[in-house]
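*Asks:* Sequence:
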Amino acid sequence: MSLLAPWFLWGALAIAAPVIFHLIRKSARDRMPFSSLMFLRPTPPRVTRKPRLENWLLLLLRCLCLLLLALAFSRPFFAKKAPDASLNAEEKQIILLVDSSASMRREGVWEKAISVADKYIKKTTPADQLSIVTFDRQPHALFSFTEWTGWAAAERPALAKQRLQATSPGWLGTQLGLALTSAAEKFMEDSAITKGARSREIVLISDLQEGAKLDGLQGHDWPAGVKVIVERIDLGAKSNAGIGVATDGGSANDASRAVRVRVTNAKDSNVEKFRLSWEVPGKSINPTNGLDIYLPAGQTRAFSIARPEEITHFGQITLTGDEVDFDNKSYYAEAENQHLKVAWLDAGPANDPEKLRYYIDRVFLGTERREIKIISPETNAPISPELLKDVSLAIIPGTLAADNARIVKDWLTSGKSALFIVNDAQSALTLSAITGLEGISASEAAGGFALLNEIDFSHPLFGAFSDPRFSDFSHIHFWKHRKMEFPSGASIRSLAKFDDGSPALAQIAVGKGTLLILASGWNPGDSQLAVSSKFPPFMQTLLDWSGSVVPAQYQFSTGDRIPSPTSEKVEWLKPDGKKESTAGGKSFEATDVPGIYTATFEGKSRKYAVNVPLDESKTTALSPDQLAGMGVPMKFTAEVAASTITQDPQTLQNSELEKRQKIWRWVILGVLVLTIAEVFLSGWLIRRPRTVEAIA
Numbered sequence: 001m002s003l004l005a006p007w008f009l010w011g012a013l014a015i016a017a018p019v020i021f022h023l024i025r026k027s028a029r030d031r032m033p034f035s036s037l038m039f040l041r042p043t044p045p046r047v048t049r050k051p052r053l054e055n056w057l058l059l060l061l062r063c064l065c066l067l068l069l070a071l072a073f074s075r076p077f078f079a080k081k082a083p084d085a086s087l088n089a090e091e092k093q094i095i096l097l098v099d100s101s102a103s104m105r106r107e108g109v110w111e112k113a114i115s116v117a118d119k120y121i122k123k124t125t126p127a128d129q130l131s132i133v134t135f136d137r138q139p140h141a142l143f144s145f146t147e148w149t150g151w152a153a154a155e156r157p158a159l160a161k162q163r164l165q166a167t168s169p170g171w172l173g174t175q176l177g178l179a180l181t182s183a184a185e186k187f188m189e190d191s192a193i194t195k196g197a198r199s200r201e202i203v204l205i206s207d208l209q210e211g212a213k214l215d216g217l218q219g220h221d222w223p224a225g226v227k228v229i230v231e232r233i234d235l236g237a238k239s240n241a242g243i244g245v246a247t248d249g250g251s252a253n254d255a256s257r258a259v260r261v262r263v264t265n266a267k268d269s270n271v272e273k274f275r276l277s278w279e280v281p282g283k284s285i286n287p288t289n290g291l292d293i294y295l296p297a298g299q300t301r302a303f304s305i306a307r308p309e310e311i312t313h314f315g316q317i318t319l320t321g322d323e324v325d326f327d328n329k330s331y332y333a334e335a336e337n338q339h340l341k342v343a344w345l346d347a348g349p350a351n352d353p354e355k356l357r358y359y360i361d362r363v364f365l366g367t368e369r370r371e372i373k374i375i376s377p378e379t380n381a382p383i384s385p386e387l388l389k390d391v392s393l394a395i396i397p398g399t400l401a402a403d404n405a406r407i408v409k410d411w412l413t414s415g416k417s418a419l420f421i422v423n424d425a426q427s428a429l430t431l432s433a434i435t436g437l438e439g440i441s442a443s444e445a446a447g448g449f450a451l452l453n454e455i456d457f458s459h460p461l462f463g464a465f466s467d468p469r470f471s472d473f474s475h476i477h478f479w480k481h482r483k484m485e486f487p488s489g490a491s492i493r494s495l496a497k498f499d500d501g502s503p504a505l506a507q508i509a510v511g512k513g514t515l516l517i518l519a520s521g522w523n524p525g526d527s528q529l530a531v532s533s534k535f536p537p538f539m540q541t542l543l544d545w546s547g548s549v550v551p552a553q554y555q556f557s558t559g560d561r562i563p564s565p566t567s568e569k570v571e572w573l574k575p576d577g578k579k580e581s582t583a584g585g586k587s588f589e590a591t592d593v594p595g596i597y598t599a600t601f602e603g604k605s606r607k608y609a610v611n612v613p614l615d616e617s618k619t620t621a622l623s624p625d626q627l628a629g630m631g632v633p634m635k636f637t638a639e640v641a642a643s644t645i646t647q648d649p650q651t652l653q654n655s656e657l658e659k660r661q662k663i664w665r666w667v668i669l670g671v672l673v674l675t676i677a678e679v680f681l682s683g684w685l686i687r688r689p690r691t692v693e694a695i696a
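In our numbering, the protein residues as written are 1 to 696.
Be a bit skeptical, because a hint or two may be false.
Keeping only pairs whose Cα atoms sit at most 16 Å apart, straight-line, the calculated EDC-like set for lysine to aspartate or glutamate is [to be verified]:
1. Lys227 to Asp625
2. Lys480 to Glu438
3. Lys586 to Asp560
4. Lys480 to Glu444
Here are the simulated distance ranges between beta carbons [claimed, not checked]:
5. Val280 to Ala402: 54 to 62 Å
6. Asp268 to Gly463: 40 to 48 Å
7. Glu485 to Thr379: 31 to 39 Å
8. Arg469 to Lys267: 23 to 31 Å
What the hints contain is simulated information worked out from the structure, not anything from laboratory work.
No residue lacks a Cβ here, since even glycine has one placed at the ideal position from N, Cα and C.
Go ahead and model the full structure; you've got the sequences and the hints to work with.
*Replies:* Dropping the structure here:
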């Protein structure tokens, strides 16, 4: 039996009190009246026996009560027998999981991690199998169990240390959950090598910073026998704050040209006042163009900092007043304006509210960063390939001449998108010419108004309306619509239907392109679509979905992919001066360094900003208990070289055992039983007959 609080056993010294009280005897006895003592000779009392303990059973009960009380307060428990160390030293598989994320770049942290890993490497025996895996956003194996066993036993420690020292922390975020689960699965992948192992351990060497992602840990099915040992690296409390650009700055026409930035201050930080300032290599910035900010520890806030005139297309925002500087710089790249073209393939009037074109000019309104231009062919002029050049979306309101239909078909086949409105029976001929399908027919639907039914909310065009709050289209009345019939075997996807079962919106492939077919118009004579709240977001989604519009993003985190700005070959210049090239349409993936990346293509250049993830600035350490609470099979060990766990692991384990066993309850029950027995015994002793002595 072990004791969690053995110092309470000093209370057992209280048993001296009842022993002393039992030794103290009163000299006075019961007196009996006597008539006269005048004829008796006085004699002094004689001591016939030495003081001795009386009622020893009562004394024993009282002493036991005090002893059991002291034992209960010392919280006894039965400790589990420790496994035989000789068994643990044989056939052990160890994965050293070393954090190499951006937060490990803090001064002295990586060096300490290397020294902790080296201690585990040196402790290995010839029977052990070792693998080292570093991780940031993804795990990276330095060497596997197979490679370890292929080395000579005497050379293993030196070769393993050499591999580890050749690495260094990068600038990426921390996916701790992915790293732990991947390391656990590695035991299963190498089951042929690890078969028969008595012990499987994952030694996590990390700063365990609060910003680490723990996705995938909750509910993970851990392989049997795998234990995780946490070695938390901490070189002492240092205040840390980080900065990241939140949004693009204003345009050149914006007087303030403000840029929104987010600043986070770690929970254990003791600094609350900072300053934001602009920097550009090779340029002198007025020092007054800065911003003093106040940010309490543990908070993240957004601030707007004005962009000085010297900052044109890109720049750097620096945070000063912080003790740790790996995350004190954030890079900014100005977003470029988009110039989009929508082709309206009809020469009709644009200001007639009874016509379709009237609503197109009003639904495609541009923004500060997005200019949308509506173009149309001249009256009686044919549609030319030059007109459709650089067009993002074409809208075809009815019939086209045969030559125009052929040009539109060629344009669609190259991978473009268009919307065709069926406004009469003759529209079927144009549809056949554009799609190449024979047998398409259209007829005016009879009866009253129609409503939309069976909408495919899984399609990107209706994805924004999939929420039940926005999915109600029943208030849109279609006064007229056309029933479309397509040849059997045609690959047509129905995106929405009318309540009579005929297609309302259908999608058909034309070569590499896509043609959408709408069986009714949005003009007041056909429907209420143009005056409904669904029309503007639907048309904007249609423009984005057309494929010609790539969402422009200029701010990225390290490790993110930068979408290709063109379909041609792109030359990339990284902040460290390295150059790479990507094929047309392929994303650039080598964003491993923060800074400004320059893409050169088609005689133009475009700049992108890549920054350290802001979560890496949350350097307050997590407790290993949080991992245990998410189901990670922890193993506490006394050999925690760099851990700063608030309590000793063995103490935590003993406390857990004591809480489960609760032996103190039974001890208290024993005290109550002894107390009751002492009460009854004391009462019996008081009531028993006593010998009366006469005092002469």
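*Asks:* Could you run down the list of hints and mark each one as holding or not?
*Replies:* To see whether the hints hold, each was checked on the structure:
1. Taking the CA atoms of Lys227 and Asp625, the gap is about 14 Å. The hint holds against a cut of 16 Å.
2. Restraint check: the Cα-Cα separation between Lys480 and Glu438 comes to about 25 Å, which exceeds 16 Å; the hinted pair is violated.
3. For the given pair, Lys586 sits about 13 Å from Asp560 by alpha-carbon distance, which is consistent with the 16 Å threshold.
4. For the given pair, Lys480 sits about 8 Å from Glu444 by alpha-carbon distance, which is consistent with the 16 Å threshold.
5. A hinted range of 54 to 62 Å holds for the C-beta pair Val280 and Ala402, which are about 58 Å apart.
6. A hinted range of 40 to 48 Å for the beta carbons of Asp268 and Gly463 is consistent with their spacing of about 43 Å.
7. Range check, Glu485 to Thr379: Cβ separation about 33 Å, and the 31 to 39 Å hint holds.
8. Judged by the Cβ atoms, the range 23 to 31 Å given for Arg469 and Lys267 is violated: they are separated by roughly 37 Å.
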